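Asks: Single-letter residue listing:
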Amino acid sequence: MRSIYLNNAATSYPKPASVIEAVAAALAALPGSPGRGGGGGDDPVRRCRGRVARFLGVRDPARLIFTSGATESLNLVVRGLPLAGRRLVTTAADHNSVLRPLHRLHDETGATIEIVPVEASGRVSLDALRAAIDSDTALVAVPHGSNVTGHVLDIAALALHTRSLGVPLLVDAAQTAGALPIDVDAWGIDYFAFTGHKSMLGTQGTGGLVASGPLVPLKVGGTGVLSQSLAQPRELPLRFEAGTPNAPGLVALEAGVAWIEGEGIDSLHRRKMERAEQLRRGLEAIDKVRLIGRPGELPVFCFVVDGVPVDELGQVLEESFGVHTRAGLHCAPLIHDSLGANPQGSIRVSPSAFTTVEEIEAALAAVDTVARSW
Amino acid sequence: MRPEVIHIHDCLDGTVIKELLLDREMCGGFVAHLGELGELRHFTEYKRPFFRVERTGAFVLKGTQGNRRVRAVFNMKGLNENLALVVARINAWQR
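First to last, the sequence lines map onto chains A and B. If you count by the working numbering, then the first sequence holds residues 1 to 374, one letter each, in order. If you count by the working numbering, then the second sequence holds residues 1001 to 1095, one letter each, in order.
I should point out that these hints are in silico values taken from the structure, not numbers from a laboratory. Here the structure is a predicted model, which is why all the values come from computation and not from measurement. Ideal Cβ placement from N, Cα and C applies to all residues, glycine included. Check the hints yourself; a few may be wrong.
Unchecked claim - Chain A stretches covered by chain B per the calculated footprint, using a threshold of three residues with CB under 8 Å from any CB of chain B:
#1 166 to 173
#2 305 to 316
Claimed, not checked - Looking from chain B toward chain A, a few residues come up when the C-beta cut is under 10 Å (computed):
#3 1013
#4 1017
#5 1048
#6 1052
Between the sequences and the hints, there should be enough to build the whole structure, so can you do that?
Replies: Take a look at the structure:
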């Protein structure tokens, strides 16, 4: 049975051939000491840092800290800023990678968390967000794009407001980095967290944080330089990158970004949105199918089939028809609360630029068969 | 057939999810055998037939013909007895 992969909001698949070839070449080559100085212009970590920084609109690549992914980046900010007992603002559209670190901070220090709700469509109102932020707010943490509805927040407009109040802004760009044009410096983002394994087309275990303000590192240790000192180097990005870097992963990340640049990010986005729109229209025509919220600007959205348990629908689509979706709450419980889909959750679909018209037709036929038979 | 029982996770709604890994692929006969534990729904019109067996208040078993994995959702109440019942039923499958 042929597999149809519609779970790119979790991990993108397939990867471009150039990514696979780059990783294979990296694994076959002498490992060297990537990211540890030396190696000249061939250092894959330095090369990746430079390309990703340019891609994201970051003028100084040293401010781009590589991590294992968006979750580590977000934790680095929440643990690395002096937030104990302070007032924090986030949204109901956020992922548990934001909500859980904030919740832990609340439990440990009494920090208060103001959660800005989503509208009936699933969108976060910029006006509501702005109204929730005051000069006592110690951090605003928001998703750039929802991993449930695909709605995108106007980060530049929000940053204008947070900057005017002197409040640090943390942006979770797990769903948008590599999917939409981003200009971190021009937009005025203080902390920008991204992952490598989704739209940036790299591997799991890669990602980063662009930091414009001071932070306490999550981890300290070997950096390959200044080894005579028992203190962590203060310079960026070494201060935050203790331990051997994930060089093959960063090779993949650089190759992924290079492929996106070659194809054109707008062109890729258009292709993905065409498939998402084909899928949405087809699902709306199936009896018993109900969309969760209204689709946004990213090629990801959720639905349920009335009368079919969500977990079983996900299992049936995958095992009986080879259609790979994501079933459940997608680590975003609050937006499901708001949209009336908690605790059962929803089926999330997210095509890629590689998804074909025929694959969407086959996926729709599978949903239709299940909806009719259940 | 002797299943290996893998605990997946405890749910907030008072149920427990486990996976039963089998040593061979499930056929239609096995599904019917398992189905005697409760109410069987067998979707044979699917590309690969899916089944669910529900024993009200006790468990739901779900799987796909041709696979070696049964996903089981047990109510916490009576978990050990019901898990033993399901395992015994699988063990009793001879063909």
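Asks: All the hints need checking, so say for each whether the structure fits it.
Replies: Okay, the hints, checked on the actual structure:
| no. | hint | in the structure |
| --- | --- | --- |
| 1 | 166 to 173 | violated (count 0) |
| 2 | 305 to 316 | holds (count 3) |
| 3 | 1013 | holds (7 Å) |
| 4 | 1017 | holds (9 Å) |
| 5 | 1048 | holds (5 Å) |
| 6 | 1052 | holds (7 Å) |
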